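Protein sequences, first through last, are from chains E and Y.
Our numbering applies: residue 1 is where the first sequence begins, and numbers increase by one.
Our numbering applies: residue 1001 is where the second sequence begins, and numbers increase by one.
Don't read these hints as lab results, they were simulated from the structure.
Be aware that a few hints might be false.
[What the hints assert, rightly or not] The calculated lysine-lysine pairs, modelled on DSS-like cross-linking and capped at a C-alpha distance of 25 Å, are:
{"hint": "1", "chain 1": "Y", "residue 1": "K1085", "chain 2": "E", "residue 2": "K575"}
{"hint": "2", "chain 1": "E", "residue 1": "K623", "chain 2": "Y", "residue 2": "K1190"}
{"hint": "3", "chain 1": "E", "residue 1": "K181", "chain 2": "Y", "residue 2": "K1190"}
{"hint": "4", "chain 1": "E", "residue 1": "K509", "chain 2": "Y", "residue 2": "K1157"}
{"hint": "5", "chain 1": "E", "residue 1": "K623", "chain 2": "Y", "residue 2": "K1157"}
{"hint": "6", "chain 1": "E", "residue 1": "K388", "chain 2": "E", "residue 2": "K499"}
{"hint": "7", "chain 1": "Y", "residue 1": "K1111", "chain 2": "E", "residue 2": "K645"}
{"hint": "8", "chain 1": "E", "residue 1": "K645", "chain 2": "Y", "residue 2": "K1085"}
{"hint": "9", "chain 1": "E", "residue 1": "K406", "chain 2": "Y", "residue 2": "K1111"}
{"hint": "10", "chain 1": "E", "residue 1": "K623", "chain 2": "Y", "residue 2": "K1085"}
Fair warning: this is a prediction, and the values are worked out from it, not measured in the lab.
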Amino acid sequence: MLKYPIFTFFLFLPFLFFVCLKPASASFPEANALLIWKATFKKENNSILTSWTHPKASGSPCNWFGVFCSIDGSVNSLNLTNANINATFYKFPFSSLPNLASIDFFINRLFGTIPPQIGKLSKLVYLDISKNQLTGTIPSEIGRLTSLRTLHLVENQFNGSIPSEIGQLVSLSELALYSNKFDGSIPVSFGNLRNLTFLYLYNNSLSGFMPPEMGNLINLVEVFMYTNMLTGPIPPTLGNLNKLQILDLFENQLSGSIPPELGKLKSLEILSLANNNLTGLIPASLGEATGLITLHLYANNLSGPIPRELGNLKSLSDLELSENKLTGPIPASLGDLSNLEYVFLRQNQLSGPIPSELGKLKKLVFLEMDENQFSGHLPELCSGGLIKRFTLSNNRLSGPIPESLKTCSSLTRARFDHNKFSGNLSKEFGVYPNLTFMDLSDNKFYGELSDNWGSSKRLETLKIAKNNLSGSIPPDFGNLNQIQILNLSSNQLCGGIPKEIGKLVLLLKIDLNDNRLSGNIPHELGSFSSLNYLDLSRNRLTGPIPKNFPNSEQLFHLNLSYNFLSQTIPVQIGKLTHLAALDMSSNSLTGEIPYEIGFLSSLGMLNLSHNRLSGFIPESFQKLPGSVDIDISYNELEGHIPNGKPFQNVSIEKLRGNKGLCGNIAGLQPCKVPPIKNHKIGKGHKLILIVAIPLIGGTSTSICTRWHPDHVRTQKEEFKRCRR
Amino acid sequence: MALWVLFHLLLFLVLKPTDANLEGDALFALRREVHDPNNILQSWDPTLVDPCTWFHVTCDSQNRVTRLDLGNAKLSGKLVPDLGKLERLEYLELYMNNLVGPIPAELGNLKSLVSLDLYHNNLTGSIPPSLSNLSNLRFLRLNRNRLTGRIPRELTKLGNLKILDVSNNDLCGTIPSTGSFSKFTEDSFKNNSRLEGPELMGFVRYNVGRCN
Chain E
1 MLKYPIFTFF
11 LFLPFLFFVC
21 LKPASASFPE
31 ANALLIWKAT
41 FKKENNSILT
51 SWTHPKASGS
61 PCNWFGVFCS
71 IDGSVNSLNL
81 TNANINATFY
91 KFPFSSLPNL
101 ASIDFFINRL
111 FGTIPPQIGK
121 LSKLVYLDIS
131 KNQLTGTIPS
141 EIGRLTSLRT
151 LHLVENQFNG
161 SIPSEIGQLV
171 SLSELALYSN
181 KFDGSIPVSF
191 GNLRNLTFLY
201 LYNNSLSGFM
211 PPEMGNLINL
221 VEVFMYTNML
231 TGPIPPTLGN
241 LNKLQILDLF
251 ENQLSGSIPP
261 ELGKLKSLEI
271 LSLANNNLTG
281 LIPASLGEAT
291 GLITLHLYAN
301 NLSGPIPREL
311 GNLKSLSDLE
321 LSENKLTGPI
331 PASLGDLSNL
341 EYVFLRQNQL
351 SGPIPSELGK
361 LKKLVFLEMD
371 ENQFSGHLPE
381 LCSGGLIKRF
391 TLSNNRLSGP
401 IPESLKTCSS
411 LTRARFDHNK
421 FSGNLSKEFG
431 VYPNLTFMDL
441 SDNKFYGELS
451 DNWGSSKRLE
461 TLKIAKNNLS
471 GSIPPDFGNL
481 NQIQILNLSS
491 NQLCGGIPKE
501 IGKLVLLLKI
511 DLNDNRLSGN
521 IPHELGSFSS
531 LNYLDLSRNR
541 LTGPIPKNFP
551 NSEQLFHLNL
561 SYNFLSQTIP
571 VQIGKLTHLA
581 ALDMSSNSLT
591 GEIPYEIGFL
601 SSLGMLNLSH
611 NRLSGFIPES
621 FQKLPGSVDI
631 DISYNELEGH
641 IPNGKPFQNV
651 SIEKLRGNKG
661 LCGNIAGLQP
671 CKVPPIKNHK
681 IGKGHKLILI
691 VAIPLIGGTS
701 TSICTRWHPD
711 HVRTQKEEFK
721 RCRR
Chain Y
1001 MALWVLFHLL
1011 LFLVLKPTDA
1021 NLEGDALFAL
1031 RREVHDPNNI
1041 LQSWDPTLVD
1051 PCTWFHVTCD
1061 SQNRVTRLDL
1071 GNAKLSGKLV
1081 PDLGKLERLE
1091 YLELYMNNLV
1101 GPIPAELGNL
1111 KSLVSLDLYH
1121 NNLTGSIPPS
1131 LSNLSNLRFL
1141 RLNRNRLTGR
1151 IPRELTKLGN
1161 LKILDVSNND
1171 LCGTIPSTGS
1181 FSKFTEDSFK
1191 NNSRLEGPEL
1201 MGFVRYNVGR
1211 CN
């Protein structure tokens, strides 16, 4: 034998050769299969997959990017998150990766459908193909993946019904199908998914009833089914889910009443049934779900009272019951919910006083109870000093503002409007450094506007209309340099409009009408370049309309009516090309109607009645939009009515009481001579005016004192009372 | 798992108190789309019950939006089709901005619209024929944009139209001259180099090819 060892060695050599060089038998076909799939990828700018090349040394793909193998060298996991892969699944090696347990292709550009071959991946435990562009339905073969624990198909374009075969995935712990276009009902077979912990079906078009079998899923921790079209009742069996922490059914069409069984859910932290069609009472038993942190029942048709048992929810921080038909009082027990930060009870039929116990809530940040029938006086409410949004408008509350609200410096947005609050305004409110919005309109506040308001420098909207305020507007209002809307209308404010208001360059809307403001319109008001809306009507303003006034081409509403303004209409008025409504009626304006009024190409309403305007109606009125509603009655105008649409259907009421208008309108005398060309004041007419003015002036002063008998006397009285 | 919980809680809080206020949502879609360097849309807070306290928005007594005044506001970006949902909108004032993109056809759903002012922007594409559904429209000012295509003949049925300005664009084809268009002068159409002049009734000469 020893003679032939070398010989035997050389005999064995080829075998050795094969044994050493032959690649691990499991990896070679797997690598090939993956490369076949890769070949179908569209060319993208990614160097990530350069490692996916045909191996030279060994056939193993186990060092490729995103490929992971088990000890025996077989591919068990593919993780290609955010790899910019633009491909389909049609050539994916479903049959060639027998040990594949995990697929994570989250965030790519995969498109097309899921092939039924997916059912071949029998060892699959984790499947995430979320955030791709996949379409079509889930194949029923998915039911074969009985090892699957996590299924994420989130944010694709899948449609069709959820196949009932999903109910066969008995290992499933996490099911996420949200943000797709799934429709049809939730399969009853879901009741078999005993291991299900997280169920995310939100933002689809799911319809039909929630299966009561869901009550079998006792391991459920989170259920998000919001924003679908689910109908029918909330199954009472959900009360069995004693590990449930979040139940979010917001924005569906669920009906019937809230099952009292939900009170059994001791682990429940977030319950949202908002924006559905639920009816009936809020069950008192909800007070037993003592883990609740957030309770949203708003925007339903719930009726009856707020159960006092809700006072047992000691962890509650967010309570929202708005937009229902709840009646009765706020239970005093809510004052025990010391963690409450957000309380929304708005738009219900709640009544009675606001319990003083609510003053115990030190963590309150938002308190919105507007549009109810609350009555009585306010208790102290801002004891924690944290309230930012405070809305009580549209109730029947009365009495003064409590001290804690006067000093509630955290306020950003406060609405007290449309109540019967009373008291001396300058004593009721303090300085609010963060306040941007304040509405006190339609109450019974009296007294004066204090200088404090000027110190709340962040104010953007200030409305104190329809109260009994007196005194004058403080010049300190000129410090409100963020203000955009100012409404002090319907009070008894007197004195002049402070010129400091002209500094408030952000003003969009100024409403000072229906007061006793006197003096001239400050010419500083001409500096607003963004002003949209100006109403100074029904005051006692005198003097001229400032020449530069108003300067904002965005002005769409200008009302100066019912004042004592005199002199002429400024020609600048013609720049207001967006003016829809112009009312200067019931003043003492003189001179001619400026030709420039014809440039107001958006005008819908023009009221110059009850003034002392003279001369002719400018021909330029023909250029006004044909639908404009014109009233020039009770002036001293003469001459013929211009042709054109604006005057075609005008009635005599809008023209009467002038000096000598003529034209082809019922009730108006026809013009005797061929109409004189009424272009811009012709030289010929100037002579007539020169003669006429003193005559007219003489007659008009006597008429003036007869028309406005209180004019001079009232002015003097005002100056006495309004000193500030 | 903690990440999932956090993610969903955040989504949850964002979806808080909008009660299907469709008009506020429609306006907020505009806010999300445009670029607003002067922050004039800062008051547009979607957590408020309705948009009626937002600046530049005017509502009627039923809290429905009637006016949107955003002229000369340095806005850029595109118009959103959601604007078509504002059924009581009477005045849509978006003139003198830097808006680009097309005029959404959905604006034809604004059945209460009296004034549509999109002039002095950088809008492209053609004038949607759907604007002919705006039966209350009195003012239509689209001048100074880069609009192309024909002037839709359907617009002549707008019986209330008083003021039309499509000048300074790149429109082509003929100028309709029937219906409400009979009162407009050439000023409404000037500076459109490819506009051919008034259509000649009686000549069935609808050009194809040169104007798309």
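Hints and how they fare:
Note on K1085(Y) and K575(E): the hinted pairing is violated, with a Cα-Cα distance of about 32 Å set against a maximum of 25 Å. Proximity of K623(E) to K1190(Y) is assessed by CA-CA distance (about 18 Å); at most 25 Å being required, the pair is judged to hold. Between K181(E) and K1190(Y) the alpha-carbon distance is near 49 Å, which puts this suggested pair outside the 25 Å criterion. A threshold of 25 Å between alpha carbons decides the hint, and for K509(E) with K1157(Y) the separation of about 36 Å lies outside it, so the pair is violated.
Restraint check: the Cα-Cα separation between K623(E) and K1157(Y) comes to about 22 Å, which is no more than 25 Å; the hinted pair holds. Under the criterion of a C-alpha separation no larger than 25 Å, the hint pairing K388(E) with K499(E) is inconsistent with the structure, at around 32 Å. For a cut-off of 25 Å, the pair hint linking K1111(Y) to K645(E) stands: about 24 Å separates their Cα positions. Pair hint K645(E) plus K1085(Y) does not hold up; C-alpha atoms about 33 Å apart against a cutoff of 25 Å.
The straight-line distance between the Cα atoms of K406(E) and K1111(Y) is roughly 46 Å, outside the 25 Å bound, and the hint therefore fails. Distance check on the hinted pair: K623(E) and K1085(Y) sit about 33 Å apart at the alpha-carbon level, beyond 25 Å; violated.
Figure legend: structure checked against the earlier numbered hints; hints not met, in rising order: 1, 3, 4, 6, 8, 9, 10.
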